[in-house]
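**Q** Based on the hints, put chain B in the right spot on chain A.
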Amino acid sequence: MKARRIGAIGYQALAMFLAVVAIVPFLWMVSTSLKSSGALLALPIEWIPKNPTLDAYRRLFAVSGMPRSAMNSIIVTASAVVLTLASASMAAFALAKIEFKGRNAVFMLFVASMMIPTQVTFIPLYLIMNDLSLVNSLAALIVPYAFKAFAIFMLRQQMMNIPDAYLDAASIDGASLGRSFFSIMLPMCRTSLVTLAIITCMEAWNDYLLPLVLMTDSRNFTLTIILNSLSGQFKTNYDLLMAGSLISILPLLLVYVVAQKYFASGLQVGGIKG
Amino acid sequence: MSASGRKGVKAAIPFLLPSLIGALLFSVLPILVSLFLSITNWTGMSPVSLTRGFFQFVGKHFVGLENFKAILSDSEFYKVLSHNLYFIVLYLPSMLLVSMACALIINSPRKTANVYRVLYYIPVLTSWVAGALIWKWLLSPTYGPINNVLALLGIEGPMWLQSEAWAMPSIVIASVWKDMGFYAMIILGGLKSIGVEYYEAANIDGAGKTQCFFRITLPLLSSVLFYVIMLSLINAFQLFPQVMVMTRDGNAGPNGATMVMVERIYKYAFKYGKMGYAAAYSWLLFAVIMIFTVIQKKGEKKWVNYES
Chain A
1 MKARRIGAIG
11 YQALAMFLAV
21 VAIVPFLWMV
31 STSLKSSGAL
41 LALPIEWIPK
51 NPTLDAYRRL
61 FAVSGMPRSA
71 MNSIIVTASA
81 VVLTLASASM
91 AAFALAKIEF
101 KGRNAVFMLF
111 VASMMIPTQV
121 TFIPLYLIMN
131 DLSLVNSLAA
141 LIVPYAFKAF
151 AIFMLRQQMM
161 NIPDAYLDAA
171 SIDGASLGRS
181 FFSIMLPMCR
191 TSLVTLAIIT
201 CMEAWNDYLL
211 PLVLMTDSRN
221 FTLTIILNSL
231 SGQFKTNYDL
241 LMAGSLISIL
251 PLLLVYVVAQ
261 KYFASGLQVG
271 GIKG
Chain B
1 MSASGRKGVK
11 AAIPFLLPSL
21 IGALLFSVLP
31 ILVSLFLSIT
41 NWTGMSPVSL
51 TRGFFQFVGK
61 HFVGLENFKA
71 ILSDSEFYKV
81 LSHNLYFIVL
91 YLPSMLLVSM
101 ACALIINSPR
111 KTANVYRVLY
121 YIPVLTSWVA
131 GALIWKWLLS
141 PTYGPINNVL
151 ALLGIEGPMW
161 LQSEAWAMPS
171 IVIASVWKDM
181 GFYAMIILGG
191 LKSIGVEYYE
201 AANIDGAGKT
211 QCFFRITLPL
221 LSSVLFYVIM
231 LSLINAFQLF
241 PQVMVMTRDG
251 NAGPNGATMV
261 MVERIYKYAF
271 KYGKMGYAAA
281 YSWLLFAVIM
291 IFTVIQKKGE
301 KKWVNYES
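Taken in order, these protein sequences are the chains called A and B.
Note that this note's numbering has the first sequence beginning at 1, numbered continuously upward.
Note that this note's numbering has the second sequence beginning at 1, numbered continuously upward.
Each hint should be verified, as a subset may be incorrect.
Estimated spans, in silico, between C-beta atoms of each pair [to be verified]:
| no. | chain 1 | residue 1 | chain 2 | residue 2 | range |
| --- | --- | --- | --- | --- | --- |
| 1 | A | M71 | B | K192 | 39 to 47 Å |
| 2 | B | T210 | A | V257 | 45 to 53 Å |
| 3 | B | T210 | A | A139 | 55 to 63 Å |
| 4 | A | G232 | B | G53 | 53 to 61 Å |
| 5 | B | F62 | A | L14 | 19 to 27 Å |
| 6 | A | G178 | B | E200 | 17 to 25 Å |
| 7 | B | V288 | A | M108 | 19 to 27 Å |
| 8 | B | K111 | A | S133 | 52 to 60 Å |
| 9 | B | I13 | A | I75 | 28 to 36 Å |
Simulated from the structure, these hints should not be mistaken for laboratory data.
Just so we're clear, the structure is a prediction, and the values are computed from it rather than from any experiment.
Built from N, CA and C at the ideal position, the CB exists for glycine as well.
Chain A extracted, bound-state conformation (with noise of 0.2 Å):
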C-alpha cells in the first residue's frame, strides 16, 4: 500500500513538472506581452505585470502589414488545406479502387518523393515559380499542396479497408465514379479527413523555410514571416514580439482544442511531418 502512494505521488510530480515545463514559457510570453516598456527590463522580474497593458498589441498592429499578414496565413492555410484534401483524396481513390496499368509505378513514384528532403528541392523551387511568375504572390505558398504523398498515403489506407461491394451496389444504381467518390467514397472516410485537415491546417500555418525564400515582398509575408522579420527589426522589444507570437499561435490552439482527439490519431497514423 505504502509502495503505491509513492509511485502515485512520484507520477503526479513528474506529470506536474513536465506540465510546467511545457506551458511555462507560454506563461512567460503572455506575462510579457501585458508589459509595459519600462516593466519589461525591470529586475526582480514581474512574473504579474503590475500594471499589465495592451500597448504592444496596439503598437504590433500598427506595424506596417500586420493586419495583412495575418489575412495571408489564413488564405494560405485555408487554400492548403481545401487543395490537400482533395486531390489527394481524388488520387487515393484512384490507387486504392481503380484497376489500371501503371498503377504501381504511380505509387512507387510518390514513395520516393518522400525520400528527398524540401532543403534539396527548394532552390528549383523558387526557379520553377519564377517561371509561373508566382514569385511573391501567395498561390506559389498554395500549389504545392497539390501533391502531399503522406495524405495520399493516409487515405488510399483507409480507403482500402472500405469494400468495394459499396461501390459495386452503386455502379448498378447507375451512379457513376464521381458520383460514387462523392457520395460513398468521402463520407466514410470522414475522420481521416478530418485529421489530414488538422495536419495540413499545422503545416501551412506554420510553414518556414518556403515563404521565407518565395516571399520577398513584404505584403506579401505570412505571419510566421513578418515575426521573424520583426525579430530582427526589434530586437529587444519582447513585448511586442511576444504579443506577435501570441496572435501566431492563437489559432491553432482554438483549432486543437475544439478538434483534439484527431490530433492524436493523425499522429499515430502518420507520425510524419510534412
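**A** Coordinates of chain B only, in the frame set by chain A:
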C-alpha cells in the same frame, strides 16, 4: 468488379491528374533541376528560365563536380557537420528520455492523464518562429527568467545563446521542449498496442513494475523506438528555423557555433549568391542523411524485436 467501371487508365486519370501534375512540377522536376544546378557555378544573379534555354545555361556555367570538391575540401563543411552531430548527440537521448516519460504519463489509467496529453502537445502546435522567440527571451542572460531563477538558487547562469559553448545546448533545450509532445504521441501509439496479457502474466509471476518496464515494455516498444530514432534523426539533420531565429546575429551564433547544414544551404543560396554551390551542398546533406539511415537500418536487427 468490371461492373462498376473501375478499370483502365481512362477512369483513373481524372482522379490522379492534380496529384500527378503536383508531383511532377513540385517534386520530380525540382530534383532534376537541382542535380543540374549542382554542377554549375550559377551565382543567382544571371536570370535563368527552365523553359527557355536551360540546358544552354547549364552548359555555359558547367563546372563538373567542382562544387562537391570545393565543399568537401573546405574545413567549414566538417565544422558544420560536427555541429549537426553535436546537436544530435545532445538532443537525441534527452528527447527520447523526456518523450518516453511523457508517453508513460499519458498512458496511465489515471483521470488526469488526459489533461497532460493536451498540455504536452501545445509546444508542438507552436510555429518555430514563435517558439524560438519565446526561448530566446527565456534564456536572456540578464533579464530572462531562467538565469534569474538560477540566481535565486545561488547559481550563476551561463550567457546561453551569446556564449560559444552554450549556444548549441540552448537550441537543444528549445528543440526538446518543442518536440517532446510529438514523439510522445508516437510512443504512446506503441504503448497502447502492447497486449495487457503480458503484464497480467508477469503479475502472476510476481514481477514488479520496474521489471515489467525493462522486461516487457521496452523490448516490445523497440520497433516504435526504432521508428522514432530514425524519424528524429532525419529531422535533426534538417534543423533550421530555430537556428535562424535564436542565433540570427552574426554568422550563426557566437563564432559560428550554431552553423548547421540547412542554414548554410539557405545562406549560400540566398545571401552569398552561390546557387550552384548551395545545390551541391543540399545533395551532400541528402547523402549524409542516407548514410545515417542505412547505418541504422543495419543496426536494426541487433536490438529491435518484432513480434513474430
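**Q** Would you mind marking each hint as holding or not holding in the structure?
**A** Status of the hints after comparison with the structure:
{"no.": "1", "hint": "A:M71 - B:K192: 39 to 47 Å", "in the structure": "holds (41 Å)"}
{"no.": "2", "hint": "B:T210 - A:V257: 45 to 53 Å", "in the structure": "violated (36 Å)"}
{"no.": "3", "hint": "B:T210 - A:A139: 55 to 63 Å", "in the structure": "holds (57 Å)"}
{"no.": "4", "hint": "A:G232 - B:G53: 53 to 61 Å", "in the structure": "violated (37 Å)"}
{"no.": "5", "hint": "B:F62 - A:L14: 19 to 27 Å", "in the structure": "violated (59 Å)"}
{"no.": "6", "hint": "A:G178 - B:E200: 17 to 25 Å", "in the structure": "violated (51 Å)"}
{"no.": "7", "hint": "B:V288 - A:M108: 19 to 27 Å", "in the structure": "holds (25 Å)"}
{"no.": "8", "hint": "B:K111 - A:S133: 52 to 60 Å", "in the structure": "holds (57 Å)"}
{"no.": "9", "hint": "B:I13 - A:I75: 28 to 36 Å", "in the structure": "holds (30 Å)"}
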